[in-house]
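From first to last, the protein sequence lines stand for chains F and E.
Residues in the first sequence are numbered consecutively from 4, following this note's numbering.
Residues in the second sequence are numbered consecutively from 4, following this note's numbering.
Errors might be hidden in some of the hints.
Simulated crosslink set (DSS-like; lysine-lysine; CA at most 30 Å straight-line) [claimed, not checked]:
(1) F:K241 to F:K404
(2) E:K342 to E:K429
(3) F:K422 to E:K38
(4) F:K404 to F:K422
(5) E:K429 to F:K429
(6) F:K188 to F:K240
(7) F:K188 to E:K422
(8) F:K458 to F:K240
(9) F:K238 to F:K304
(10) E:K422 to F:K38
(11) E:K188 to F:K422
(12) E:K188 to E:K422
(13) F:K422 to E:K404
(14) E:K337 to E:K231
(15) E:K227 to E:K241
(16) E:K304 to E:K342
(17) E:K429 to E:K458
(18) F:K188 to F:K49
(19) E:K458 to E:K240
(20) E:K227 to E:K240
(21) E:K403 to E:K422
(22) F:K429 to E:K422
(23) F:K422 to E:K422
(24) F:K403 to F:K241
For each label pair, taking beta carbons as the anchor points, the in silico distance ranges come out as [what the hints assert, rightly or not]:
(25) F:R334 to E:V271: 23 to 29 Å
(26) F:E108 to E:M393: 34 to 40 Å
(27) F:Q278 to E:K240: 51 to 57 Å
(28) F:A361 to E:E66: 22 to 28 Å
(29) F:K231 to E:H391: 40 to 46 Å
Worth flagging that the hints you see were computed from the coordinates, not collected in a lab.
Because the structure is a prediction, the values reported are computed rather than measured.
Quick reminder that beta carbons are idealized off the backbone N, C-alpha and C, glycines included.
Number of protein chains: 2
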Amino acid sequence: MDTFFNPRSVAVIGASNSPFNLGATICRCMNEYSKWDGTVYAVNRKGEDVFGCKGCRAVTDIEGDVDLAVIITPAGVVPDFVEQCAAKGIRRIIIESSGFSEGGEEGRALQRRIDETAREHGIRVMGPNCLGVLNAANGFSCFYGVQPDNHHEFLGSEGGSVSFIIQSGGIVVIVLESFLMDVVKASKIVSIGNKSDIDEADMLEYFEQDDSTQVVAMYLENIKHGRKFIETARKMKKPVLVFKVGRTSEGARAAMSHTAGMANNDAVFDMACRQAGVIRVNAISELHSLPKMFTHMPPLKGRRIAVFTNSGAFGGITADLLVQSGLEMARLSKDTQEKLSRTGQIFNASNPIDLGPAISMQTFLEIFDILLSSDEVDGLLPVPSLWHPMVIEAIVELVKKCHHYGKPAAIYTPNAVHKTVNYRSKYQVPLFESPEEAVRALKVSYQNTLNLAMKQGLDGLHALLPGGGEKTCAGMG
Amino acid sequence: MDTFFNPRSVAVIGASNSPFNLGATICRCMNEYSKWDGTVYAVNRKGEDVFGCKGCRAVTDIEGDVDLAVIITPAGVVPDFVEQCAAKGIRRIIIESSGFSEGGEEGRALQRRIDETAREHGIRVMGPNCLGVLNAANGFSCFYGVQPDNHHEFLGSEGGSVSFIIQSGGIVVIVLESFLMDVVKASKIVSIGNKSDIDEADMLEYFEQDDSTQVVAMYLENIKHGRKFIETARKMKKPVLVFKVGRTSEGARAAMSHTAGMANNDAVFDMACRQAGVIRVNAISELHSLPKMFTHMPPLKGRRIAVFTNSGAFGGITADLLVQSGLEMARLSKDTQEKLSRTGQIFNASNPIDLGPAISMQTFLEIFDILLSSDEVDGLLPVPSLWHPMVIEAIVELVKKCHHYGKPAAIYTPNAVHKTVNYRSKYQVPLFESPEEAVRALKVSYQNTLNLAMKQGLDGLHALLPGGGEKTCAGMG
Chain F
4 MDTFFNPRSV AVIGASNSPF NLGATICRCM NEYSKWDGTV YAVNRKGEDV
54 FGCKGCRAVT DIEGDVDLAV IITPAGVVPD FVEQCAAKGI RRIIIESSGF
104 SEGGEEGRAL QRRIDETARE HGIRVMGPNC LGVLNAANGF SCFYGVQPDN
154 HHEFLGSEGG SVSFIIQSGG IVVIVLESFL MDVVKASKIV SIGNKSDIDE
204 ADMLEYFEQD DSTQVVAMYL ENIKHGRKFI ETARKMKKPV LVFKVGRTSE
254 GARAAMSHTA GMANNDAVFD MACRQAGVIR VNAISELHSL PKMFTHMPPL
304 KGRRIAVFTN SGAFGGITAD LLVQSGLEMA RLSKDTQEKL SRTGQIFNAS
354 NPIDLGPAIS MQTFLEIFDI LLSSDEVDGL LPVPSLWHPM VIEAIVELVK
404 KCHHYGKPAA IYTPNAVHKT VNYRSKYQVP LFESPEEAVR ALKVSYQNTL
454 NLAMKQGLDG LHALLPGGGE KTCAGMG
Chain E
4 MDTFFNPRSV AVIGASNSPF NLGATICRCM NEYSKWDGTV YAVNRKGEDV
54 FGCKGCRAVT DIEGDVDLAV IITPAGVVPD FVEQCAAKGI RRIIIESSGF
104 SEGGEEGRAL QRRIDETARE HGIRVMGPNC LGVLNAANGF SCFYGVQPDN
154 HHEFLGSEGG SVSFIIQSGG IVVIVLESFL MDVVKASKIV SIGNKSDIDE
204 ADMLEYFEQD DSTQVVAMYL ENIKHGRKFI ETARKMKKPV LVFKVGRTSE
254 GARAAMSHTA GMANNDAVFD MACRQAGVIR VNAISELHSL PKMFTHMPPL
304 KGRRIAVFTN SGAFGGITAD LLVQSGLEMA RLSKDTQEKL SRTGQIFNAS
354 NPIDLGPAIS MQTFLEIFDI LLSSDEVDGL LPVPSLWHPM VIEAIVELVK
404 KCHHYGKPAA IYTPNAVHKT VNYRSKYQVP LFESPEEAVR ALKVSYQNTL
454 NLAMKQGLDG LHALLPGGGE KTCAGMG
């Protein structure tokens with residue numbers, strides 16, 4: 004599987020100098036504005052060079068070795084090119100063209116020819132009807148349509164630690180654009196399309212072994228092999244988030260015409276996620292907003308949350324959200340409340356803790372220590388207004404203290420989103436954009452703790468739940 | 004009530020030149036950087052002028068008439084100042100100070116003294132524990148803490164058409180900041196605090212008569228007089244949105260310590276909203292994101308929605324969201340599908356309609372006309388990527404066509420939020436920031452149609468539901 008992400012040489016089949024040629028944008032991306040330094044060949048009717056990539060009329064005309072073929076031609080000629088690849092000895096193919104099993108009987112016949120050739124020669128196929136792969140660490144990408152300007156922003160740095168498995172090109176673009184505004188960056192992205200061969204379970208298995216992947220996030224329109232999916236996911240120690248379309252029959256019908264899967268019964272899928280220890284998310288946006296809770300914070304190991312805010316309204320709002328999500332408002336003992344009151348700037352020391360309007364840095368730090376060191380508290384939900392630059396500096400310290408004490412905080416700053424986004428990027432702290440998102444982050448962190456415990460057996464589960472052992476993961480739906 | 008929003012002369016009691024004096028920021032706001040041109044007096048111990056406002060030692064020392072008093076002093080001296088106001092003949096008072104019924108028995112005793120004086124002299128009181136009022140049309144505001152820079156952005160223009168009733172200062176700030184990024188602007192904002200006299204029902208009654216208010220949005224921590232609230236809201240023809248904290252007992256407890264209300268049973272409140280024809284929203288953000296569906300689009304009069312998108316994934320995602328919200332995917336006849344196919348750039352003409360990646364302006368306009376003129380469709384959910392400036396120009400035309408045909412579109416452009424926000428401000432079109440938000444906008448528009456029909460009697464309801472009359476508003480929860 005690693006060859007897909009780290010090839011030394013690639014043939015882009017269908018790349019020419021015709022106007023609007025998608026293969027040409029792939030050649031350009033690989034050769035001109037990524038740091039990946041492998042060799043690229045362009046296969047087209049005229050055998051012409053494309054953006055500096057050597058041109059050939061047929062795959063078999065290429066002189067050097069080819070690790071990977073990327074096919075982006077009309078569907079009708081794809082089976083012939085797959086045969087050329089087989090003859091050339093290529094064992095990894097990404098088919099980006101559409102018009103196969105999602106496109107009626109004619110498309111299904113083409114797909115069968117491809118499957119037969121691949122099986123016969125031991126070729127692994129990604130797609131068809133996909134964008135292929137992107138590897139932020141080495142800069143390799145065969146996505147078409149990514150603008151040069153953005154490419155550097157997406158891939159220019161060292162890459163992040165979240166890998167994405169996405170069954171839709173459109174969603175890939177949304178995830179890419181999210182990186183411009185968040186602390187989360189991708190390690191690898193794979194767009195798996197119709198999944199004629201490589202499916203989500205194969206990718207999960209790969210990402211579990213991949214050192215640069217800490218979290219996996221998936222967008223799926225269907226599950227191909229339910230049993231394989233559950234068995235693979237159950238073995239994973241890394242958090243797996245999934246958004247699946249098709250909760251209703253209308254949604255499932257729409258998805259079928261898109262990437263040609265069998266519609267799965269949604270209740271069955273839901274059950275499969277629970278058995279597999281996979282976290283189902285409620286919106287596309289959660290695929291990029293929630294992973295930072297795993298990459299930038301320790302895990303939430305219990306459900307008792309302490310809220311503190313300088314807006315009394317958010318005390319009530321977050322209490323509602325926490326309780327509705329299955330978490331709990333931590334009950335603070337008289338001793339803890341007295342410690343908080345002694346900081347001198349607290350209106351209300353019971354949870355939710357109401358801070359005065361003008362808390363000093365020193366008081367913030369004292370509150371963090373009191374709450375994070377308390378065995379009455381498993382995690383924090385801080386809701387401080389960004390009224391002064393000192394507040395963001397206090398948040399930077401809070402993130403350090405969370406790691407020190409091994410307890411997480413899901414931080415929401417109730418100001419206009421543009422401030423949150425700017426501060427988040429500038430200070431590289433995991434700020435959430437709404438109280439709903441912050442509570443969801445705490446919930447999925449705790450759900451992952453329960454999932455890991457389930458995978459380790461029930462003994463592990465009870466050990467993880469001081470005072471909360473009577474409830475099980477069933478309550479975390 | 005109008006005197007609160009259009010006073011000619013105001014006394015700010017407690018405004019002095021001490022450092023961090025909140026009354027001084029109110030004087031400055033009124034006198035220096037708003038366009039409101041009334042007279043302001045500053046009442047303080049030394050009788051000193053504050054930011055150009057004439058100083059007096061007592062309210063009774065003021066020579067001219069005073070329409071409105073704004074009190075922002077320690078709670079203990081407020082009753083004495085209320086008596087001074089009564090002696091001076093002032094009949095409208097805003098008490099911004101806190102420390103009354105939300106602050107224990109001592110505070111409740113102070114509140115009782117104020118109530119007695121007010122009753123005796125026929126004085127209407129807003130607050131205590133509030134920010135008072137803001138009127139965008141004339142620039143009058145007694146909010147403290149609003150920065151001069153922002154004041155112009157919030158109030159500089161002519162003002163908008165949404166009025167807000169908000170029982171929390173912190174939420175006022177969030178709503179104010181939302182105007183920086185959206186097409187919705189405030190007409191009037193009122194922060195009602197502990198509601199010792201003027202409550203949400205009084206304000207609803209005023210805003211129903213107020214010509215510059217089209218929509219009312221409320222944040223409430225409690226309802227003071229349930230019967231009065233229901234009766235007033237039922238008489239309203241303008242849409243009313245409400246977010247109420249306290250869905251859980253923990254949330255209600257937190258709200259009680261904030262603005263001192265009785266906790267209301269949430270199920271009872273929910274029932275009251277249904278009876279009153281008030282739309283309950285699910286998040287603070289919906290108070291500022293949803294009103295544009297009323298101010299910038301015609302109402303949704305049926306539940307049949309046509310989706311069109313150039314991202315196949317969003318066809319499925321939006322179909323799920325629409326059906327889960329109680330709306331329906333419109334069933335397009337063969338005739339309509341053929342008309343759509345004849346535009347020449349459609350992948351899939353059944354609903355959700357899958358557009359090719361590079362639709363022309365002309366094709367966009369043809370699709371809008373076909374769908375909006377069809378009696379199979381009540382409203383649109385367009386999900387076009389902003390891949391080219393032409394797309395936003397097509398959206399500008401779509402808004403015009405929606406008004407022409409009298410059917411709404413909730414538009415979501417699946418690109419990074421910063422693009423949506425920029426385009427929305429630049430072109431003044433009502434773009435939503437997520438597919439969830441767009442579907443919520445359609446749902447609340449339809450819910451308002453059902454509410455109006457309920458208020459007009461069931462005959463009206465059936466007339467509004469072509470083919471959908473078997474379902475009632477109970478399904479729209």
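Hints and how they fare:
no. : hint                         : in the structure
1   : F:K241 to F:K404             : holds, 24 Å
2   : E:K342 to E:K429             : violated, 33 Å
3   : F:K422 to E:K38              : holds, 28 Å
4   : F:K404 to F:K422             : holds, 23 Å
5   : E:K429 to F:K429             : holds, 26 Å
6   : F:K188 to F:K240             : holds, 20 Å
7   : F:K188 to E:K422             : holds, 19 Å
8   : F:K458 to F:K240             : holds, 9 Å
9   : F:K238 to F:K304             : holds, 20 Å
10  : E:K422 to F:K38              : holds, 28 Å
11  : E:K188 to F:K422             : holds, 19 Å
12  : E:K188 to E:K422             : holds, 20 Å
13  : F:K422 to E:K404             : violated, 35 Å
14  : E:K337 to E:K231             : violated, 52 Å
15  : E:K227 to E:K241             : holds, 22 Å
16  : E:K304 to E:K342             : holds, 24 Å
17  : E:K429 to E:K458             : violated, 38 Å
18  : F:K188 to F:K49              : violated, 40 Å
19  : E:K458 to E:K240             : holds, 9 Å
20  : E:K227 to E:K240             : holds, 22 Å
21  : E:K403 to E:K422             : holds, 22 Å
22  : F:K429 to E:K422             : holds, 20 Å
23  : F:K422 to E:K422             : holds, 16 Å
24  : F:K403 to F:K241             : holds, 22 Å
25  : F:R334 to E:V271: 23 to 29 Å : holds, 27 Å
26  : F:E108 to E:M393: 34 to 40 Å : holds, 36 Å
27  : F:Q278 to E:K240: 51 to 57 Å : holds, 53 Å
28  : F:A361 to E:E66: 22 to 28 Å  : violated, 37 Å
29  : F:K231 to E:H391: 40 to 46 Å : holds, 41 Å
In the structure shown, a violation is registered for the earlier hints numbered 2, 13, 14, 17, 18, 28, in ascending order.
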